[in-house]
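Peer 1: Spelled out, the chains give:
Number of protein chains: 2
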Amino acid sequence: MIERHVTRIIHVGPLPIGGDSPIIVQSMTNTDTRDVDATVSQIQALAAAGCELVRVAVLDMAAAESLRAIRDRIALPLVADIHFDSRLAVAAMEHGAQGVRINPGNIGGRDKLRRVVDAAKSHGVAIRVGVNSGSIEKDLLRRHGFPTPEKPHALVESAMRNIGLLEEMGFCTIKVSIKASDPMTTVSGYRALSRRTDYPLHLGVTEAGGLVAGTVKSSVALGILLHEGIGDTLRVSLTADPVEEMPVAYGILRALGIRSRGPEIVSCPTCGRTRIDLFTLSREVERAVATMKSNIKVAVMGCVVNGPGEAREADIGLAGGNSVGIIFKKGKIFRKVAEDELLAVFLEELKKMDQS
Amino acid sequence: MIERHVTRIIHVGPLPIGGDSPIIVQSMTNTDTRDVDATVSQIQALAAAGCELVRVAVLDMAAAESLRAIRDRIALPLVADIHFDSRLAVAAMEHGAQGVRINPGNIGGRDKLRRVVDAAKSHGVAIRVGVNSGSIEKDLLRRHGFPTPEKPHALVESAMRNIGLLEEMGFCTIKVSIKASDPMTTVSGYRALSRRTDYPLHLGVTEAGGLVAGTVKSSVALGILLHEGIGDTLRVSLTADPVEEMPVAYGILRALGIRSRGPEIVSCPTCGRTRIDLFTLSREVERAVATMKSNIKVAVMGCVVNGPGEAREADIGLAGGNSVGIIFKKGKIFRKVAEDELLAVFLEELKKMDQS
Numbered sequence: 001m002i003e004r005h006v007t008r009i010i011h012v013g014p015l016p017i018g019g020d021s022p023i024i025v026q027s028m029t030n031t032d033t034r035d036v037d038a039t040v041s042q043i044q045a046l047a048a049a050g051c052e053l054v055r056v057a058v059l060d061m062a063a064a065e066s067l068r069a070i071r072d073r074i075a076l077p078l079v080a081d082i083h084f085d086s087r088l089a090v091a092a093m094e095h096g097a098q099g100v101r102i103n104p105g106n107i108g109g110r111d112k113l114r115r116v117v118d119a120a121k122s123h124g125v126a127i128r129v130g131v132n133s134g135s136i137e138k139d140l141l142r143r144h145g146f147p148t149p150e151k152p153h154a155l156v157e158s159a160m161r162n163i164g165l166l167e168e169m170g171f172c173t174i175k176v177s178i179k180a181s182d183p184m185t186t187v188s189g190y191r192a193l194s195r196r197t198d199y200p201l202h203l204g205v206t207e208a209g210g211l212v213a214g215t216v217k218s219s220v221a222l223g224i225l226l227h228e229g230i231g232d233t234l235r236v237s238l239t240a241d242p243v244e245e246m247p248v249a250y251g252i253l254r255a256l257g258i259r260s261r262g263p264e265i266v267s268c269p270t271c272g273r274t275r276i277d278l279f280t281l282s283r284e285v286e287r288a289v290a291t292m293k294s295n296i297k298v299a300v301m302g303c304v305v306n307g308p309g310e311a312r313e314a315d316i317g318l319a320g321g322n323s324v325g326i327i328f329k330k331g332k333i334f335r336k337v338a339e340d341e342l343l344a345v346f347l348e349e350l351k352k353m354d355q356s
Numbered sequence: 001m002i003e004r005h006v007t008r009i010i011h012v013g014p015l016p017i018g019g020d021s022p023i024i025v026q027s028m029t030n031t032d033t034r035d036v037d038a039t040v041s042q043i044q045a046l047a048a049a050g051c052e053l054v055r056v057a058v059l060d061m062a063a064a065e066s067l068r069a070i071r072d073r074i075a076l077p078l079v080a081d082i083h084f085d086s087r088l089a090v091a092a093m094e095h096g097a098q099g100v101r102i103n104p105g106n107i108g109g110r111d112k113l114r115r116v117v118d119a120a121k122s123h124g125v126a127i128r129v130g131v132n133s134g135s136i137e138k139d140l141l142r143r144h145g146f147p148t149p150e151k152p153h154a155l156v157e158s159a160m161r162n163i164g165l166l167e168e169m170g171f172c173t174i175k176v177s178i179k180a181s182d183p184m185t186t187v188s189g190y191r192a193l194s195r196r197t198d199y200p201l202h203l204g205v206t207e208a209g210g211l212v213a214g215t216v217k218s219s220v221a222l223g224i225l226l227h228e229g230i231g232d233t234l235r236v237s238l239t240a241d242p243v244e245e246m247p248v249a250y251g252i253l254r255a256l257g258i259r260s261r262g263p264e265i266v267s268c269p270t271c272g273r274t275r276i277d278l279f280t281l282s283r284e285v286e287r288a289v290a291t292m293k294s295n296i297k298v299a300v301m302g303c304v305v306n307g308p309g310e311a312r313e314a315d316i317g318l319a320g321g322n323s324v325g326i327i328f329k330k331g332k333i334f335r336k337v338a339e340d341e342l343l344a345v346f347l348e349e350l351k352k353m354d355q356s
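Residue numbers (the working numbering), protein chains in the order written: chain A, 1 to 356; chain B, 1 to 356.
Calculated directly from the structure, the hints in this document are not laboratory data.
Warning: the hint list may mix true and false statements.
If several chains are the same, the list does not tell them apart, and a pair holds so long as it fits within one copy or across any two.
Below, computed lysine-lysine pairings styled on BS3-like, alpha-carbon distance capped at 27 Å [claimed, not checked]:
(1) K112 x K336
(2) K329 x K151
(3) K121 x K293
(4) K330 x K352
(5) K352 x K151
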């Protein structure tokens with residue numbers, strides 16, 4: 001169903017982004033980057049949850065200098081997030097950053113940008129041009145107005161101008177993001193940008209909000225874009241522990257049929273017919289599959305009569321009610337068990353299936 | 001940006017659905033419908049959270065008979081969800097249901113369906129044709145195979161056949177749903193359906209899963225469809241308290257620029273630059289705005305330097321760090337306050353703005 005927009009391939013460290021490469025799930029730490037232990041520990045938690053590239057804030061020289069120690073202890077490609085200060089960008093690359101996120105236009109003028117680009121070239125570092133509502137140049141805001149869903153021009157023109165600054169210096173290991181907090185401005189902006197450039201695009205909605213509100217905004221905006229074939233890497237920003245971004249990011253990719261990670265659970269919303277504690281069962285099954293690797297489909301249903309039929313596409317499922325539990329496979333009843341043994345028997349069967 | 005697919009208008013009780021009417025947010029209780037107090041109490045909680053139409057399961061005659069007592073105590077239009085049993089459908093309507101959800105094809109044959117349709121006509125009741133993966137007729141499954149994103153035909157043909165059964169009896173106060181648990185099957189199914197019929201469409205992903213997983217699936221599938229102008233009413237199914245569906249449903253509509261309900265919060269994901277407990281601040285502000293009615297945009301930012309600029313489209317915002325807090329309006333600093341007074345002063349200012 002999805003025809004992916006053709007982009008160039010760049011590499012961040014060994015990781016390819018763009019072209020036919022998998023759409024990469026990334027995140028950013030919220031630790032103090034100078035605290036190497038805390039930062040490494042968060043990066044390892046992110047990696048275990050599926051993160052494939054990680055960005056850290058570099059606020060001062062001490063943070064830049066800590067990158068080497070961080071990189072030595074992690075397996076993910078490391079990107080330094082830098083605002084305004086070209087010296088920090090150069091230092092970050094000297095200390096092992098495999099990517100930097102900057103706005104070339106506000107790094108302090110052409111000479112300083114030249115130093116950043118030279119360092120990127122000599123260290124083989126990729127640059128993300130990261131434009132957002134707050135970084136748009138004043139003349140573009142005057143000409144185009146603040147970006148709206150109908151007129152994302154200021155964001156797009158700012159990105160193109162920043163790309164141009166790098167290209168003028170012969171640099172093209174670039175990916176691009178234009179983040180807005182409004183999902184529809186994000187959608188129209190990336191659509192316009194994808195018609196203007198073939199650099200890989202980093203998708204995200206900025207300042208998306210808390211777990212549920214942010215999940216909705218990111219899922220709607222990134223869902224529409226990825227379904228149209230736009231986007232080569234994504235970050236789901238939530239005002240929450242960054243590890244919580246991972247199930248959302250993979251959930252979006254899975255919903256679109258693009259990528260999956262581990263078993264999928266379908267569970268019914270419960271209704272007046274439900275005669276079993278489905279919320280608890282569903283949570284327990286979710287917890288059990290979190291560490292599984294296979295792509296089996298698991299159903300948790302509240303209704304012995306309708307459950308197996310409604311979830312017949314599930315590889316394995318349970319349904320319960322009125323003290324009887326059933327386990328079914330592909331819509332056919334596999335075993336009947338007493339309700340109080342249902343979860344244990346089911347998890348055992350699930351584990352066998354995952355490992356087979 | 002959105003050109004809405006043209007559908008007929010039907011009414012469920014006094015509530016118009018379809019045409020140019022607002023896209024209606026609905027839900028379903030998970031109480032025992034015979035327990036009138038519990039059901040009414042959940043419906044009132046749903047209404048307070050923004051629910052505009054509510055469905056209850058009718059499993060037996062006692063449940064059907066309790067509908068009158070429920071309807072007497074609620075303000076929302078009431079729909080009865082019925083499987084297989086035409087007598088329950090007729091009884092539900094006699095006891096005040098303003099809509100029924102059935103599958104005309106499995107209600108027990110033409111004579112029984114005739115009795116249901118006659119009751120619907122005489123009581124002015126709308127019928128939702130509710131097709132899902134589990135209700136597809138065997139001959140359609142044989143001919144088209146199980147519905148997939150590429151071939152949703154069995155679902156769509158089943159819906160058209162069920163619509164036809166009602167139309168043959170001169171009944172056309174119909175809305176239609178075709179629910180699959182796979183988001184892309186949902187998307188391709190509704191797209192195909194919207195080309196075949198102009199009855200209003202009820203959108204939903206069935207068995208979507210728990211809070212986060214279900215929110216992602218519903219946001220992606222319903223986001224794509226509503227953005228294409230497809231859908232007249234929606235239900236977000238979560239394996240959770242149905243009240244939790246409401247912020248997700250309104251979040252989807254708001255993300256698409258279709259409808260909003262109360263203030264919107266943007267909040268930054270926090271990064272190594274954050275020097276304030278933003279998760280707590282964000283939660284407190286979310287709690288405060290939940291009861292507000294105005295459509296102001298509120299920003300909660302972790303960074304005094306970048307916050308006001310990045311969130312300049314917000315009507316009011318706060319940012320903090322290193323024991324200084326600021327309150328800004330439309331990107332301009334409005335007040336500086338000590339960090340420990342920031343939340344209280346901000347909430348007071350927010351309340352004034354909401355009421356003005």
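Peer 1: List, from low to high, the hint numbers that the structure doesn't satisfy.
Peer 2: Hint check: 1, 3 and 5 fail, others pass.
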